[in-house]
Structures are given as structure tokens and as C-alpha cells.
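Asker: Chain by chain, the residues run as shown.
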Amino acid sequence: MKGFFALLLWLAAPALYATEQAGTIFKQLAPSLYQIRLIDKASGEKSSIGSGFQITADGLIATNYHVISGFAQYPNKYQIQYLDHQGNKGDLTLASVDVINDLALVKRNIDQDMPFFTIADNSPTKGEELFSLGNPHDLGMIVVPGTYNGLKKESFIDKIHFTGSVNSGMSGGPVVNKDTQVVGINVATSGNQIGFLVPHDKLATLFNHYQDSPPASIEEQMAEQLSAYQKALIDKLLESKWQGKVLGKSLIPTIDVPFIRCWGESNSDKTDALILSAMANCALDEDTFIDHNFFTGTVEMQFQYMETDKISPLKFYQLYQRQVTRAAAGNKATKDDVTEFECHHDIVMPLNQSINNKSILCTRNYKKFPALFDVLYLGLSVDRERQALISHFTVSGVEKEMALAFTKRFMESVSWK
Amino acid sequence: MEIIIEEISKGHKLIGRHKYAQSSVHIGRGYHNDIIVSDPHVCAEHLTIDYDGEHWKINDLNSVNGSFIGQGKQAANGHIVNSGDVISIGNSQIRLIFPNHPVDTSIPFSAFESLINLARHPLVVIASIVLFALATGWLTFLENAKEVNFTQLLVPAIKLTLAFCIWPSIIALISHLTKNDARVLHQIGICFIFFLLLMVTDAIQALTYFNTSSNWPVAWFVNLLPIVLAFCMFWLNCYVGFHMSKARRITAAASLTILFFGGSALLQMSKRPEFNPRPQYNATILPPAYLISSSSSVDDFIKDADKLFEKAQKKANDEK
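Here the protein sequences line up with chains A and B, keeping their order.
full-length UniProt numbering puts the first sequence at residues 1 to 417.
full-length UniProt numbering puts the second sequence at residues 1 to 320.
To be clear, the hints were calculated from the coordinates, so they are not data collected in a lab.
Be aware that one or more of the hints could be misleading.
Said to hold, decoys possible - Not everything, but these chain A residues come out facing chain B in the computed CB check (under 8 Å):
1. L251
2. A328
3. N365
Stated by the list, open to error - Taking lysine to any residue pairs in the SDA-like style, the calculated list, with each CA pair at most 25 Å apart, reads:
4. B:K320 <-> A:A371
5. A:K368 <-> B:D181
6. B:K13 <-> B:D181
7. B:K303 <-> A:K202
8. A:K335 <-> B:E319
9. A:K202 <-> A:P31
Predicted model only: the values in this text are computed from it and were never measured.
Just so you know, even glycine gets a beta-carbon here, dropped at the ideal spot from N, CA and C.
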């Protein structure tokens, strides 16, 4: 009996210790923790909420870019406000953003120095216990314990995989180790107990840049970041190995990088179908949030192989054409963000003469970031009577040179087997 | 001297034509008159037209509503008649013509007339209708992604053919109602020949779009083909169905074409969203056998694409 109690105590102890620790951490850090809210000036009500935490004694607060994106896009429509642990409210100004890593710095005017969070120097070790702080669903500040599970592998932009409940509203809240140093920032969730954090070094970089030279204009800063990002991403894609993969009687490219993932589907089970069709879809698993209706930074490639031995070429091509009349952009954007698409089409054969395509290229320009474009390509094979290959890609938020280089590489990588 | 008197209805239609050799013609509602006009506004003894050895003269018999020259207000009483004069009595009109009145030169039968008559030949009419039904059936078959049997194709083909009979029938009905010859077979024959021609232009359009790149603005000209054809069809509809001057026929055909194409363009424009997030491109593709044009190289395509980016950038600047 005595042994059993001892066992139970031993089991309960770490849990008890963790709760106690969380309590202490929260008490210590509460004054530097805020709810960040975007107030719609016309209605006077909050239109979105998130969390934030102070990182300097003089009132610089870190949060997610997506929490304050409305203000970054429409500064006349919104006002950024904080709500501290005692229920005091006050206005904030936008100091700097990192739109790629989803970070923002906002500034509060204070009279005297205040306690603040320190940013960790080193990454946590795998399995280390961390504490996520934030204000989920406007329910008040809470602490969620969880575990560091390393960086997400299938991601071009570094993200920490955190095992713990990150809920909406906790966005922008800090994640600290037991020494109360910030090791990450809550950014997203992927269902039960799977959370994603922005690594601390991204915040450190943004903060150091801000101290060296604060940005002259947020829009220009964003334009620079988006340009640098698309260059890094497309360069990486073009540098990587493009492997030929068999799809039906065609060869399609797959890019050998972990952050582009592929899925497939076919109708081979339907024996009565007039056309046999097999599809492969490879896409970047992440995008860049600019506004609730404006996303960018997507890369998607889609291939569909079709063949028939049941119908005439004319009917086959008629049905084939129906598959390709309604291609859509890979990202969401509105009239304020982009122009309408301009398109060009031609019959194109690569130098190796391995395929003859009707190629269609469409592009639209960003209104706030004039160097960037969304691009959509459709290649329709027209050289085989009863076999067809649709090769399609969309890339968003790229500069002309990168887009053209990618298009050329893509067009030359598609062929018949 | 003889005189010819034409009775003309309120709608300017010729009701009757009479020739008189006597020196006095009586006109009125009473049954003792030479010309009996059943118009309640015409008096029983309305007027006489008398020959004095040299001239014909109008003599109004103190009628209640009077007699006037032409459409005007000038009283006709005592008027010396010239050949071709129109006299208004009540709501009716009469036209007075002398035997030596000049007439237009006769029009010889043209090849065009015989072509139009060919269109009404029962064999031609049946052949064009059957061809049209077969073509629509075949197009339905091409569009259908599932296997279909003959009846499934026949029913929509018949439905569509009947629907396309409506237009020539309406034209025939209108010409019948306006006291012209209905000429139903003519109208049906002509319309179906043109419907078939319109199908051919569809094929030409597909072939052009497939074979030309967007560097060739020529492709737009093929869009004019159906408009020209429709104009010709409407013109022929008018030619066959109605007696009208050349200018009026062209105006009528042009108005119908504008109404038809302008209307559908307007309808499409009203449906167009303020901002379209989807690209609008021409994805016309046909089997390799229909590919006549040579292929460009990837580098040429990239060069063209370069211009496309500039176009998009210009658009963004314009919209700012």
C-alpha cells in the first residue's frame, strides 16, 4: 500500500511542478503581456484581436503581422490598441513588420521603464517544456504548457512545431522556456495539440534591424521583404533537382525539395469512363498572408494525363478542352490588390521536340507592390490523337525575371515518355 | 376621257381599282354611287368628279367632313385633277390616275431570284433541315462526357430544330399579317441554309483560334463572320417577306443584327463582375490533324510573355 502511494506521488509530482511553474511564470510576466486589438474607427468596435508582449523597457511590443494586417493595409480605417492585464487601454503605433515570418513591432508610449520579456539566445532542445501565453477567444490571459518538437521539416520558412494547444486569439503571444526567455511566437494551429511558432531568432533579427534603422515606410519594407522572399524561394526551386516522373505516358517534373509536397488521384477504378485520367498535384504547403483577402507566395504545379481508346479524337479533344477552360489563380486577391489577368497563348514546342503544346500564360500585377506578379500557366498537349497532358502551374508574388525563368524551366521539363 | 380611280385604305393599302369612261363619277356611302365607300365619316353623296371636255374637276357635294387634297387641309372642291392626285374623304382616300400615267420600267428575272426560289425547293428545305438536325445531334454527342444512345441524341436535335423553325415562322406570319405573301417555305429554306453557314463559321472560328497565337489580332476578324452572315439572313428575310425600298431593307436588317448581337453583348456586359479574379484566355484545342501552324520555341514564347508582364504593369499604373 505504501508502495502504491509512493508511485502515485511520483507520477503526480512533475505535473504538479509544471502547473506551479506556469503559475509563477504568468504572475511574473503578466504586466508585459497585452491583448492587441484592431479598432475599426467608423464603428468604434474591435474588428480583430490577438496577443502581444513587450520586448523593451520603453514600450516596444512584439506581435504577429496578421493581427495588425488591417492597419498595415488600411491605416486610415483602423487604430491599433492594447489592453493590459489590469484592463487599461491605450493606442499603439506600428513600428516595423516582417510579413514573411508574420511578425510585427508596435510601440506604446510610456512614461517610465517597465518590465519586459527577454529574447532567448539559443533554440530550445527537442522535448524541452515550453509555455505558451496568450488570450484565446477573448477569454483572458492564459498559460498553456507544451513541448518543443523541433522545426517543421516541410516548410520553406522556419516554423517551430509545438505540441500544445495554440488557439485563435493567442496569435502574437510569446512562448517562453522555464527561464522566462522568449523562444517563439504563437502563429498558427493545425488542430488538436499541434501548434506552430515563429522561432525567436526571426524576432531578434527584426528587432535588431529596427534598432539599427527603423523602416521609412511599412509598405516599402513589405515590398522589399516580399521581393527578397520570392527570389530566395524561386532560386531555391530552380537550383534544386527537377526529377522526371512518369504520369501515364508522359514525363512530368517533380522538384526535389521537402517543402513541395505532392498528391495524386485517378479514375482508374471507373472502367466505364470514356477517358482514363490521372492527376498529380504538387504544392508549397504555405503562403504569405498580406490581408484577410490577399495571400501571396504560393507555388503550385498540377498535371493531368488523359487517354482514351473508346472515342474519336474530335470528341476526345472536345472533352479535354472542357477540362481546361476555367483555371483559377492559386492565391486569393481583390480588386484593391491586383489587376485583372492578361493572357497570351501560342503553339509551343521545346527544342528537344518531345511535345507540342498549346501554351497559355496569364499574369496580373500587384497594385501596391509594382514589381510583383501572379502567374498562371497552362500547357495543353496537341500532338497525340487520343492522349493528352495538361501541365499547369501557378506562382504568386514573383518578379518578372523569376517568373520567366520558372516558366521556361517548367515548359522544358514536360515531355512525353 | 377615261379616268382610273384607286380606293386606298387608311393604312395606305390598295383596296380596289376601277376604270370609268363616263364624264361624271359619283363617290359616296350611298348604294347609287359609282364608288361606294363604306366609311361612316363619308356622306351618302360625298363628291363627284366631272369632266368638262378639257379637265377633270372635283365637286364636293357639301359633305359633312369635306374633301381634301392629299393629307393636307386644302379643300378639294373645284380642284382640277392632275394624274396621281390623292383626295382624302372621311378616313379614306382615293387616287385619281389618267390612262397615260407613266409606270416604272420592268425588272428582269435575276439569277438572285432563281437562287431564292431554289431555297424554297422542297428537297433543299428538307435537306437543310435534316443536315441541321444531324449537325446539332453530332455536336451534342461530342459535348457529352458519358456514353449516349441514338434516341438520347435525337430528342434534343429535334427540339433544337423545332426551336430554330420559330424565327422563319414569325417572319412569315408578320408578312402575312401585313398583306404580303407569307412564303413560309422560302423563309424556312433561307433560314436553315444560314443556320448551317453559321455552324461552318463556328468551325472556322475554332480552327483560327487553335492555329493562331494571341500575337495575331487577325483572329478577331473571324468574330465578324457570324455578324455578316446574320445581316445577310435578315436582309433576305425582308427581301422575301416584304415589299420595301432598298434603303428600308438595309435599315431593317441592320437594326435586327444590332438588336441581336448588341443585345447579347449588352447582356454579357451586365453580367461581367467589376473585378474578375479568374484569367480569361482562349483554350480552343483541336486534334493534331487540324493543326496547320508551325510551333514557336520556348524562347520565343518567353519573349512574348515578357511583353505580357509590361502590359499588366501598364494596366496597374492606369488603374492607380
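Asker: Confirm or reject each hint.
Answerer: Here is what the structure says about each hint:
Against a cut-off of 8 Å between C-beta atoms, the interface hint on L251 (chain A) is violated, since the closest Cβ of chain B lies about 16 Å away. Checking A328 (chain A) against chain B by beta carbon gives a least distance of about 5 Å; that is within 8 Å, so the hint holds. Interface hint at N365 (chain A): satisfied, since its Cβ lies 4 Å from the closest Cβ of chain B, which is below the 8 Å cut-off. For the suggested pair K320 (chain B) and A371 (chain A), the alpha carbons sit about 15 Å apart, so the restraint of at most 25 Å is met.
Among the hinted pairs, K368 (chain A) with D181 (chain B) is inconsistent with the structure: their alpha-carbon atoms are about 67 Å apart, more than 25 Å. Restraint check for K13 (chain B) and D181 (chain B): the C-alpha separation of about 14 Å stays at or below 25 Å, so the hint holds. Proximity of K303 (chain B) to K202 (chain A) is assessed by CA-CA distance (about 39 Å); at most 25 Å being required, the pair is judged violated. For the proposed pair K335 (chain A) and E319 (chain B), the alpha carbon gap of about 10 Å is at most 25 Å, so the pair holds.
For the hint linking K202 (chain A) to P31 (chain A), the alpha-carbon distance of about 24 Å falls within 25 Å, and the restraint holds.
In this structure, the hints that do not hold are numbers 1, 5, 7, in rising order.
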